[in-house]
Amino acid sequence: MGSFDYVISIGGAAGQGIATPGNILARLFARRGIHMYAYNAYQSIIRGGHSFLTVRCSDREIRTHGDVIDLIICLNQDTMDRHLEHLGPGTSVIFNSDTIEPGEAAEGVQLCSMAVGELAGKGSNKLMQNTVAIAVACQLLGIEFSALEDVLDFQFSAKGEELVAENVRVAKAAYEHSAANFQPAAQQAPQPSAPLAVWAGNQAFAMASASAGVKFYCAYPMSPSTGILHWMAANARELGIMVRQVEDEISVICMTVGAAHAGCRSMCATSGGGFALMTEGVGAAAMMEVPIVVVNVQRAGPSTGVPTKTEQGDLWQVLGASQGDFPKLILAPSNPLDAFQTIPEVFNLADKYQLPAIIVSDLLISDETSTIDPKLLDMHPVIDRGELITEAGEEAGNYERYKFTDSGISPRALPGIPGYEHVVSTDEHMPDGVLISDEFTHPHKRRAMMEKRQSKMDGLLAELAPPAIVGPADAEVTLVGWGSTAGVIQEAIGQLAAAGVVANHLHFKWLVPFHVDEADELLSSCKRTIIVENNYTGLFHRYLRSETGFTVDGHIRKYDGEPFKPHHITAAVQDQLAGGEALSVPYEEIIV
Amino acid sequence: MSDTNVQISLKPKDFKGKVDPDWCPGCGDFGVLSGLQRAVSELGLQPHQILTISGIGCSSNFPGFFNSYGMHTLHGRSLPHASGAKLANHEMNVIVTGGDGDGYGIGGNHFTHTSRRNLDILYIVMNNQIYGLTTGQISPTSEVGMKTKSTPFGSVELPINPLASAITAGATWVARGYTGNIKQLTRLIVEGIQHKGFALLDVFSPCVTFNKVNTYQFFRPRVQPLEDIEHDTSDWKAGIEKAMLWGDVIHTGVFFETKTRLTLGEQEPVLDEGGPLAFRELGLSSEETERIISRMM
Chain H
1 MGSFDYVISI GGAAGQGIAT PGNILARLFA RRGIHMYAYN AYQSIIRGGH SFLTVRCSDR
61 EIRTHGDVID LIICLNQDTM DRHLEHLGPG TSVIFNSDTI EPGEAAEGVQ LCSMAVGELA
121 GKGSNKLMQN TVAIAVACQL LGIEFSALED VLDFQFSAKG EELVAENVRV AKAAYEHSAA
181 NFQPAAQQAP QPSAPLAVWA GNQAFAMASA SAGVKFYCAY PMSPSTGILH WMAANARELG
241 IMVRQVEDEI SVICMTVGAA HAGCRSMCAT SGGGFALMTE GVGAAAMMEV PIVVVNVQRA
301 GPSTGVPTKT EQGDLWQVLG ASQGDFPKLI LAPSNPLDAF QTIPEVFNLA DKYQLPAIIV
361 SDLLISDETS TIDPKLLDMH PVIDRGELIT EAGEEAGNYE RYKFTDSGIS PRALPGIPGY
421 EHVVSTDEHM PDGVLISDEF THPHKRRAMM EKRQSKMDGL LAELAPPAIV GPADAEVTLV
481 GWGSTAGVIQ EAIGQLAAAG VVANHLHFKW LVPFHVDEAD ELLSSCKRTI IVENNYTGLF
541 HRYLRSETGF TVDGHIRKYD GEPFKPHHIT AAVQDQLAGG EALSVPYEEI IV
Chain F
1 MSDTNVQISL KPKDFKGKVD PDWCPGCGDF GVLSGLQRAV SELGLQPHQI LTISGIGCSS
61 NFPGFFNSYG MHTLHGRSLP HASGAKLANH EMNVIVTGGD GDGYGIGGNH FTHTSRRNLD
121 ILYIVMNNQI YGLTTGQISP TSEVGMKTKS TPFGSVELPI NPLASAITAG ATWVARGYTG
181 NIKQLTRLIV EGIQHKGFAL LDVFSPCVTF NKVNTYQFFR PRVQPLEDIE HDTSDWKAGI
241 EKAMLWGDVI HTGVFFETKT RLTLGEQEPV LDEGGPLAFR ELGLSSEETE RIISRMM
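Respectively, the protein sequence lines represent chains H and F.
Just so you know, we're using our numbering here: the first sequence kicks off at 1 and counts up by one.
Just so you know, we're using our numbering here: the second sequence kicks off at 1 and counts up by one.
Warning: the hint list may mix true and false statements.
Stated by the list, open to error - Short, incomplete list of chain F residues facing chain H, as computed with Cβ under 8 Å:
1. LYS16
2. VAL19
3. PRO21
4. SER41
5. LEU43
6. LEU45
7. HIS81
8. SER83
9. ALA85
10. ILE229
11. PRO269
12. MET297
Rather than coming from a laboratory, the hints here were simulated on the basis of the structure.
If you're wondering where the values come from, they're calculated on a predicted model, not measured in any experiment.
For each residue, glycine too, the CB sits at the ideal point set by N, CA and C.
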């Protein structure tokens with residue numbers, strides 16, 4: 001635990017402007033060099049419902065929203081009624097006393113009652129209660145007023161100087177009221193250090209692909225993947241990227257394949273429902289050997305499911321996407337930075353091996369807002385397009401698109417080059433592209449072409465980093481995970497160490513092709529293995545078993561839509577080590 | 001894209017593909033193939049300047065029989081593949097070929113949206129009012145009462161009217177050809193390629209094996225070129241009215257045309273300069289990078 005680790009939650013109805021105080025706090029902390037991670041629990045509703053934004057800040061890097069809440073900002077009565085009971089000694093509640101009645105608070109909870117109407121003046125904007133609350137929060141944490149003033153200016157300047165001045169005036173009054181009436185928080189914000197940047201997970205995906213040279217991006221809006229489309233659309237003209245919103249996800253993937261075949265680095269993103277529509281296109285890319293990158297941001301399914309909640313439920317959908325047996329690349333990054341750093345490599349691999357690459361994200365990664373050290377953002381990655389023919393050469397007139405080679409990789413000529421005319425086809429074909437499916441079907445030719453395509457997987461696997469165990473080699477228990485659970489597992493391992501349990505971490509990022517031998521060897525070396533997954537049936541466990549034959553000792557699963565908190569895993573591991581059941585399903589305390 | 005070769009004008013036969021068509025003898029699709037070969041020859045195009053894209057079906061085997069770049073894609077998905085390819089390389093002449101089931105049935109959604117998107121593409125639909133490759137079932141353009149293997153008691157569903165649909169959806173050039181009139185068909189293909197915007201050319205291309213109703217004998221006495229009568233191609237209402245006629249007189253020719261709407265490519269600043277996206281330098285400049293990061297601070 002760092003010396004500063006503080007969690008602020010903001011609760012209200014959709015439409016009450018929760019995003020604004022969330023953004024203000026994020027900028028405020030980032031500009032001060034404080035690390036921040038925000039998780040928003042919300043519903044698929046534009047007005048009403050209950051949204052609960054948890055902003056955790058710390059003097060070290062954090063990857064979860066933590067276990068406890070130190071301060072709640074209640075924007076409505078409902079938030080007060082739902083969450084007051086979760087607060088213990090040393091915590092505070094900020095609320096607008098004009099409209100909200102405080103409930104029965106536990107001993108040691110500070111009720112920061114703010115008469116917003118009186119402070120802001122008659123007829124002030126309803127959203128002013130957000131500014132009041134932020135000002136009190138800053139004062140409690142010992143953040144000087146000028147820092148808040150800077151961020152208010154940043155947040156509201158686009159809407160005019162008058163609004164900035166009004167917000168600053170009200171914030172100042174609230175700040176002074178707080179100083180005179182409330183006890184400061186037990187933890188005080190650290191002194192300013194080098195500023196950090198703020199980003200959302202989806203932005204990391206978009207920025208990484210832009211830096212990797214994506215020239216075509218296509219999407220149909222679907223939560224929680226839409227943030228990628230928004231960033232792409234906003235930046236398209238400046239960066240020379242063709243960005244299109246089209247009629248459905250079938251069109252999305254087919255346009256992506258068409259653009260990729262014509263020569264653009266091309267990407268599309270969706271969630272599980274949209275990915276279901278895309279699956280035939282994934283096979284088309286594989287058969288025509290066209291490199292594309294597809295992002296599936298998982299949400300709780302099946303079907304429409306819970307659109308605003310997280311789950312790792314699409315693994316087998318992605319593994320089995322499209323009919324037939326064909327080469328593909330599938331990976332699951334563990335956080336926005338991991339995605340940012342890996343995506344350029346994914347584009348290079350897709351280009352080099354001429355196949356579809358599927359990146360499995362989830363709501364937790366894609367929707368989270370967090371700080372990032374800008375020095376870690378290399379926007380000029382290596383771009384390697386593999387064996388790509390972009391101008392006429394010696395083979396003009398004799399070019400074979402699907403030429404047999406030792407690597408299985410056939411040099412790819414882009415349409416438009418004289419002498420390299422060819423047809424790419426979703427039907428099985430011969431090296432020159434002529435179909436064998438209709439009247440020329442030939443088992444030996446079919447076998448040779450299957451082997452050509454599949455042999456690309458050998459080269460591909462050799463380029464992927466094998467899995468590795470992080471932490472003490474002789475650990476009592478190894479926590480196994482994939483994708484977005486990496487951060488929370490790491491934090492749980494820290495909590496376990498503090499409780500005297502030595503645990504380490506085996507995380508899988510590259511899923512297809514899979515490092516079977518390395519995985520088996522690592523798993524066999526562990527004393528005890530517990531796998532952590534955000535789904536019901538242990539989808540990754542079943543995949544791991546199918547590839548390695550290895551069966552883990554225990555399971556921790558969660559499928560209620562909310563992500564794991566560190567203590568969920570810590571408690572479950574302790575319970576299983578003490579002889580409890582081999583399947584733990586932690587109870588979610590926060591009801592939204 | 002290097003294009004320094006001396007361009008010699010090619011003959012229709014130079015656009016013959018690597019393999020001979022596997023269509024049934026007498027199939028209307030031969031006429032469309034021949035019409036397209038004549039049209040591109042007449043326009044002085046070279047094979048590498050053309051990208052022919054199809055879906056799945058008898059007529060979708062077209063790219064393999066035609067000498068150009070080609071994509072033989074998924075059933076019903078020729079238009080989105082073609083749209084992506086055209087946006088990636090807007091200097092290519094993109095011609096989409098396919099059938100009525102592929103384009104108006106399974107691909108119906110794309111047909112509507114590609115029409116309104118107005119990309120500079122020519123879409124040739126070989127309309128035989130039947131599913132041929134699956135050995136004879138009704139298609140979206142089959143007439144009411146048509147008896148097939150899937151409708152042994154006769155179809156009860158109204159056929160789609162592709163021309164009227166395209167006009168209402170926003171296509172900027174809408175025409176119909178007939179493989180019994182290659183001269184007119186070739187001229188329509190030339191016009192369709194030259195048209196800037198989404199051009200639909202629906203072609204009566206009789207299936208001699210499975211459609212025993214809409215045969216050459218059926219069409220010959222009925223087809224009447226619009227150029228032989230008075231028709232204002234700039235009047236979309238008149239175009240729809242003519243398109244809805246189905247009886248003793250069935251029109252061919254250009255039903256509707258507008259040159260006032262910009263194509264999608266023309267409205268997209270990303271394509272303004274720098275040539276085709278597909279051949280541009282990749283990677284961001286340091287100014288672009290700095291701008292992106294500074295907005296995050």
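Going through the earlier hints one by one, which of them does the structure break, listed in rising order?
1, 3, 4, 5, 6, 10
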